[in-house]
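*Asks:* So you can see what is in the structure, the chains are spelled out below.
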Amino acid sequence: MTIEFSLSARQKSLKDMVGGFGRSIIRPQSLQWDLEHAVPEAFLARFVEMAQSMGGASASWGVQGLGAAADAGDVESSKIGDAPSKKKSSAMVTSCIGAEELAWSDAALLLCLPGPGLGGPPVRGSATPEQKERFFGPFKDMSKGLKWAAYGLTEPNAGSDVAGIRTSCRKDGRDWILNGRKCFITNGARASWTVIFATIDPTLGRAGHRAFVVEKGTPGFSVGRIEDKMGLRASETAELVLEDCRVPEANLLGGEERYQSKEGFLTAMKTFDNTRPLVAAMAIGIGRAAYDYACDFVKENYALARHTARYTSIAEKLARIGRRLEAARLLTWRAAFLADEGQPNAKEASMSKASAGQAAIAACIEAIEICGAEGSIAKDHQLLEKWFRDIKVYDIFEGTGQIQRIVISKRLFPDLKAF
Amino acid sequence: MIAFAPSDDHKLMMDAGQKLSKALAGRVRETEKGGGLPEDLASAARELGVGVVHLPEAVGGAGLGLVAGVLLEEEIAAGDPATAFALGGTGAYALAMSELASPELAQDAAATAGAVAFGEPRPHRDRPGLSTIATKKADAFVLHGEKAYVLGAGKAERFVVFAQVDESKGERGIGAFLVSRGDGVKATARVRTLGLDAASFSGLVLDGARGVLISDEPRAMVRFFAKHALLNAARCVGLARAAFDVTRAYVEQRRAFGKPVAHFQAVAFTVADRAMDVEASRALVWRAAWLWDAASDVEGENAALLASARAIAHAHETAMQTADDGVQLHGGAGFMRDYPVEKYMRDAKQLSLYGMPAACAEQLAAAIELGRAPDLALVLPFADSQSAFT
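Chains A and B, in that order, give the protein sequences. The opening residue of the first sequence carries number 1 in this note's numbering; numbering runs sequentially from there. The opening residue of the second sequence carries number 1001 in this note's numbering; numbering runs sequentially from there.
It should be emphasised that the hints constitute simulated quantities derived from the structure, not laboratory data. Careful, some of the hints might be misleading.
Claimed, not checked - Straight-line C-alpha distance at most 27 Å; calculated DSS-like pairs for lysine-lysine:
| # | chain 1 | residue 1 | chain 2 | residue 2 |
| --- | --- | --- | --- | --- |
| 1 | B | LYS1186 | B | LYS1259 |
| 2 | A | LYS216 | A | LYS147 |
| 3 | B | LYS1033 | B | LYS1155 |
| 4 | A | LYS270 | A | LYS171 |
| 5 | A | LYS299 | B | LYS1169 |
| 6 | B | LYS1349 | A | LYS317 |
| 7 | A | LYS317 | A | LYS379 |
| 8 | A | LYS410 | A | LYS392 |
| 9 | B | LYS1259 | A | LYS417 |
| 10 | A | LYS15 | A | LYS147 |
| 11 | A | LYS410 | B | LYS1259 |
| 12 | B | LYS1136 | B | LYS1169 |
One chain only, chain B, in its complex shape (with noise of 0.2 Å):
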């Protein structure tokens, strides 16, 4: 059947989510200036099982599903979006090696400090592909090369990194390999950010890292980034949310010419564009999910990447739009950081450029829906790499 109403257990963790988003919102400040999350939020964040909810047992998580995951995802987000990042990469990590690797080696992945080292300061200017190269040496492979915008670097113990296998091969020759910290890898230091300050993202610079290959399995590969990029979008609709929330209230009780601004159409009638927007990225976002949970084979994998593809590009775009209307409507006061509308503008941005930007998003969804089979290309949040015509 065709139903938006979530379950009894559902509801159940969505009111724990909820208790919880209020308390990161009310010390979203606090949170920002100090970097990270303050040690009691972040230990009732990871009680709640905020990243690892949707995981399989197997690795650690809760089992729940997807649903469940980008349901929790909206609520945390909606407190503070930068709060599932100042948890650090565990989450994407433990994604990554559920998705990627054997049932040992992704035993206990979710309770691992870990992070997912995908992107790269800038494309290889000869070929596609990246530039970190893996070669192989008697039992393993050795890494060389610069990865960037990792999250949780600094503090990680495990890296699951993508790096280039066959350099002939372009995307199609990308391989992820499991990377201890130690010798040949150094985090670089922390970079300071639009927005999401919260979240500590660094370089990994790897010079003769020692790699075990989990997967050079496209398929495998699209469904990691793919859930990312979903999981990613669930924050969005949580942030629009905030922003639309905060936007709502603040323009009913603004007074001008007489009146509330509210009652102005210029102002309702983004307000209420705005709104519609939010429902109907999160219907986008569940119906995702719930196609990735029922996904039994291909064609039902291609059906959930199709909709994971429009509900990212949909969610992203409604998360910034709706922050830089938020901030618009508060007109003078959205620009002060007195109020949070401006923080919501600037994670939106953050955000969306992290797993897969909506342009990326667009060209995948093209693809499948032109009958090309989806690659690794379409999904790998590189500019360069994507393009439902190649």
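Same shape as in the complex, but just chain A (with noise of 0.2 Å):
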């Protein structure tokens, strides 16, 4: 192995391509969606087939091509070490470095891509052959119309509390009959289907889940409130209600078999570890779209000759920021990496989305900081107090910064099971 950070041929032209693409046409409409609550279709259509028609690389455009990169077996050969031929992966990698730049131009848009999204990853991760051609199957050809995906885990009195769940589940003949609520499910209303954690018994704590697929147009499955949020306003985030809602038995992921421990939740927090390096990019992406703004904006509107005080103050303002998403981008890197290579990462991963998530906030607080109240006036090409407000919320979901530092304490202190 080796010590390395030179972007392979296929990363650097992904990175471009998204950042210029992201530069001339995502960024002068991203305050539109913001106020309109939505990408539209159109767009996203089209969107879908341009980077379709980048090939391979469609893979990797953030979390909706995470699952197409993992399967596709994305590998590129190492061109570094004394054996040239061997071939590795770093599909993990090259979807951070995409996420990253898309997020750049907007992150909402990222989270409306059509695709498995949330839901590809318990999927990949634990679902049968047959459940994988039934449940992927559908989003092979989107020509005929979008489709999305989801990941339902939250509930209103369990978050970051993943073994609290109380959505119950209950066989009945061939079938299981599914009762709760979940919220703050992502593209949750226009999914094709929506991966739902429930509990055969909440006394059992994490033994009792159980992961189902559940379809739209299921009976008893239906869309609750659409929230108003602080920011990602494009994003569709939606309560999901299923009231005595009958999932036949062939979409329990994994088949009976798998539930004979605690398998069901170790599917939710496999996905974390997957998940949590991209949302990492993701932050990062948009804590550097606040910073590069602030630079641009000091270089053009301060005097760099004149030496004041609070000048001094701002460089050293800039040069903070910057370095801390650059620390948070070797984490995620680095995270991902080991993603890559097979290697166990949960600390790592954790690391990264906890970094990224506070480097990424205070970037976007200190950006508007800089550039004083023109910095938080929305308008066309100004979008700092937009990305102030979307920002917020990648130290919350995925596991909050709190949450993050409880997996890496555990994995620091082996004797510790609980605080």
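Got two chains here, each in a separate frame; can you build the complex from them with the hints?
*Replies:* Right under this line is the structure:
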């Protein structure tokens, strides 16, 4: 192996392409989408077409492409080392590079992209071959209509405390009957199916968990309210309601035998090891957008030749943001690199998420501070106030900063079972 | 590609480094009290190439590049952060000669007892630049002035001295000179320092010393100061790692209120935060070192310089914070010299003063990001010279 920090030709072209498209096409529409609470489907269709025309690279468009990347066995030859023929996967690192770049343009768009989304990883990790074919099949060709899937874990009374979910499931003949509410579900209303986590008995804790693929239109499965959010307003966040919802046993993820122990819970958790670096990469993209904006603003509006204390402190602020983002990016690439190498990365994934969320929030806050009141005004190409609203949730969803620290602590102190 | 895995060659070197590091850690107090490395440890460190593995073979280094250099510095500093300093100024001297001097002059730099004199007791009162003056006389320069905090000055035979050649040009009027011990060169008494007790710092009085101008090229001097400070940042990572390791172990065995103190969130989260800082600092240092090894033009060097500035600021902050938290989480025991963590805290502050302090590194990074050509004023480790806006 080696220590190296150069992007492959593919990564570079992906970064350039996403960045260029973002600058000229996405950014100018970003604020409008935010105000309209949606990205027009026509645009999404065009975007998907473009991504597909890029061939294998479509695999790398952030979260929505994560699964495809893993499935396609996205490989490239390692140019370093004494075994040039050795193939190494760099799918996760590439996805992180793509996700950062797209989030730099518009993070909500990334969340809106058609595809299995966060529903992908649990199906990929736990489904039977038959289920994979059935649930992923429809995504292979979206020329006749865009499709989404979703991930339903959070409930009104159980967010970070995943083990505390109350949505119930009980076997009835060859079906399962589900009851409960899921909230804050990204793309929940338009998803063709959603991975729903439920419990056979809350007293069993994690061992009682079951994961189901619940399809749109299933009797008893409905959409509740659509959330009105601080930021990421173009992304759809829905409540899902299950009332005596009858789900066929063929939709129990992985089949009955999979749930001998804590399998259901682990399905939920395994998703995070894969998605946290991607969420971190997105946060860095937003943070970098604010940082770039602040740098340009200072270059254009401040007389750099004037030596004043305030300018020196602005320089320090910029430098601090810049390096914290860079530090988080390296932690993110490292977590992704470990995933690509097939090594455990739970601690590193949490580190990337915790540091990226905070670094990016600081970047958005400081950028407004540096630009002054001008930075708080919403207008064309002036998106600081939007990024400020968009970024906050990155230290909350996919595990709050506090949860990440619990994950890290447990790995630093093996005897620590719970606080 | 993007990869975070040391090569097999790196690992061999790190394993050897780790062995020495353990020996160093076991004798930290002996080294400290003796004011220098015991001879067996010093020769083991020299044999391993501490301070010179990264230097080109032409100056007597191993030619392994800066990535190898920072890997080894971290390992050794994790044992005792004072080691590289206790070996004297030879590493810095050889680095200065290899970056600044002609190949002929630099030839045996790594084998020479040398020191680098850049600091001064105080800023010049009336103008930017150094107070030590170099005046051209016939075939050479004559130097007058006072340098401070010179590592290993007492034993050095050769010095690289930074002095003002043109007083009207501020930092742009600085040159680097090769000075030999002898007439007009006097090392003052060793000073007592807050930390890094094993290192010998002293002043240097130049009174008509003969100097050979080795470089007045700002770009070369920027390279030297940046690499010099980056190697120091690698030591900060080693120090932070050591402080982190002893603290993690301590809070796991220390019990209060019926359980290990590590099982309280206030303690565990602090440790988790420092774990992130240490990992991030290491990655930043690796990347900066890799960029220097890969740099082949001005653009590449600027990227390396920006990455170095970030790595330096982050590593210094991390070392100080990790050691500070380390003492804190040891409670009263942390204040006692029975535990090494108080030494790490003192060393951390001392380390961050050597090379390029975090505040200077921040101004350098900002200057590059704002499109200013990185000039010497931003890289010189003097409090009065750095500002991204001048």
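*Asks:* Work down the list of hints and note, for each, if the structure agrees.
*Replies:* Each hint tested on the structure:
{"no.": "1", "hint": "LYS1186/B x LYS1259/B", "in the structure": "59 Å, violated"}
{"no.": "2", "hint": "LYS216/A x LYS147/A", "in the structure": "11 Å, holds"}
{"no.": "3", "hint": "LYS1033/B x LYS1155/B", "in the structure": "19 Å, holds"}
{"no.": "4", "hint": "LYS270/A x LYS171/A", "in the structure": "25 Å, holds"}
{"no.": "5", "hint": "LYS299/A x LYS1169/B", "in the structure": "26 Å, holds"}
{"no.": "6", "hint": "LYS1349/B x LYS317/A", "in the structure": "22 Å, holds"}
{"no.": "7", "hint": "LYS317/A x LYS379/A", "in the structure": "25 Å, holds"}
{"no.": "8", "hint": "LYS410/A x LYS392/A", "in the structure": "25 Å, holds"}
{"no.": "9", "hint": "LYS1259/B x LYS417/A", "in the structure": "12 Å, holds"}
{"no.": "10", "hint": "LYS15/A x LYS147/A", "in the structure": "25 Å, holds"}
{"no.": "11", "hint": "LYS410/A x LYS1259/B", "in the structure": "15 Å, holds"}
{"no.": "12", "hint": "LYS1136/B x LYS1169/B", "in the structure": "16 Å, holds"}
Violated hints amount to a single one, hint 1; each of the other numbered hints is respected by the structure.
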